[in-house]
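Engineer: Between the sequences and the hints, there should be enough to build the whole structure, so can you do that?
Protein chains in written order, with the numbering used here: chain A, 1 to 201; chain B, 1 to 201.
Do not rely on the hints blindly, as some may be mistaken.
Listed next, the stretches of chain A that the computed footprint assigns to chain B, with coverage defined by at least 3 CB atoms under 8 Å from CB atoms of chain B [said to hold, decoys possible]:
hint, segment
1, 46-59
2, 172-183
If the Cβ cut is set under 10 Å, some of the chain A residues that face chain B in the computed set are [as the list claims (entries may be wrong)]:
hint, residue
3, ALA98
4, ILE186
5, ALA188
6, LEU192
Please keep in mind that the hints were generated in silico from the structure rather than gathered at the bench.
Every value quoted in this text rests on a predicted model; they were computed, and no experiment measured them.
Glycine is no exception: its CB is placed at the ideal position from the N, C-alpha and C atoms.
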Amino acid sequence: MSKPRLPSCAAVILTLALCSRPAEAHLNSSGMGPIYDGLMHFLTSPEDLVPALAMALLAGLRGATHGRRALFTLPAAWLLGSLAGLAAAATGGNAVVAALWFLLMGGLVASDAKVSLRLTTILAALLGLYHGYFNGSGMGQSVSAILGVVGLVSAVFVLIALAAAFVVQLRAQWARIAVRVAGSWIAASGLLLLGWALRGG
Amino acid sequence: MRFLSGSRGLAAGCLAAVTPSALAHMQAGQATGFLTGFLHPISGLDHVLAMVAVGLWGAQLGAPAIWVLPVAFPLVMAMGGMLGFLGVPIAGIEYGIAASAILLGAAVAFELRLPLVVAALLIGFFAVFHGHAHGTELPPGQSALLYSMGFVMATGCLHAVGIAIGVVHRWMWGQRLLRAAGAVVLVGGVFFLWKALGGAA
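Structural biologist: Put into structure tokens, the structure is as follows:
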């Protein structure tokens, strides 16, 4: 952090701290502080974790360039979406859209779609913005919520880094097919979730 | 990632798959949702026979059927599950499940070499019945997403068991063993059809 920015940053944090409200119920306590709360929220929320994992698998299947693009685009978009969500009133994500994300990302992985780098970037950005927004909107407006977002986005970054790197280095045909099978499972789960959502819960 | 390679990675994946979620985070019913879904296909012998037979048949047919069939089955099964969720009635579900065991068992027993498209359509047709049964049997109060992920993963694991057994197809004695296994599935299917027709009443 550069020196001139420190006072303004401290002022923002102090203002936020003074204006903070009790955290909404969405971000559950892990007992280890808000950063870990955010991290654990991501890791224990399959509706967030699985599409992000599918993004990593897709990027990994397409190679290191796509992996690097997703590695920075998805967490950045997730951060932006979360910050936008923090400023918004608490809203819940649309179950149909969540199911469609499963279907889309799982389907692309299962079919080993030859997506362009631009499409990878767009998908990562949209995925991050969408999920980040609903994560952020459920966290309330407090310093701990901001720290929770930091933890959450860190978890997204680590997941993409590990999963995409793991897939990129796969050379055996059967190993790449196993990744595609995982994609088909994600798409199948999305189809079922869609049925559930259309039924109305 | 070397420490996560091979059997260690598989063991870690299995442990991660069956580990209950943190109760502090998950809403009530979600943790049991995954396990309920995962155990559902395994607890029904009719499902087990048909799904293992898909893997066995894929192993007999070789590439690309060995992975196309296990990818197609969960996807079409999920469509059936969606219809079940939505309450769309399909007549003769139990007959369809029993018939799937009979025909898939026969395909393995006689080592039928159908064109890939025909084989995929055949297992896709029967997958609808299995999926519909799963969808209509979703216990109230369970998490649809975790339940769906559980039973899709269990289905995939059953296919994998069939494929793993099918490795013996490279030896002459193995081919005979697979045909015998197909005959067992066929007999099991006849039994379940007899039960569905009211024979056990």
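Engineer: Run every hint past the structure and note whether it holds.
Structural biologist: For each hint, the structure was consulted:
no. : hint    : result
1   : 46-59   : holds (count 3)
2   : 172-183 : holds (count 3)
3   : ALA98   : 8 Å, holds
4   : ILE186  : 8 Å, holds
5   : ALA188  : 4 Å, holds
6   : LEU192  : 4 Å, holds
The structure agrees with every numbered hint stated previously.
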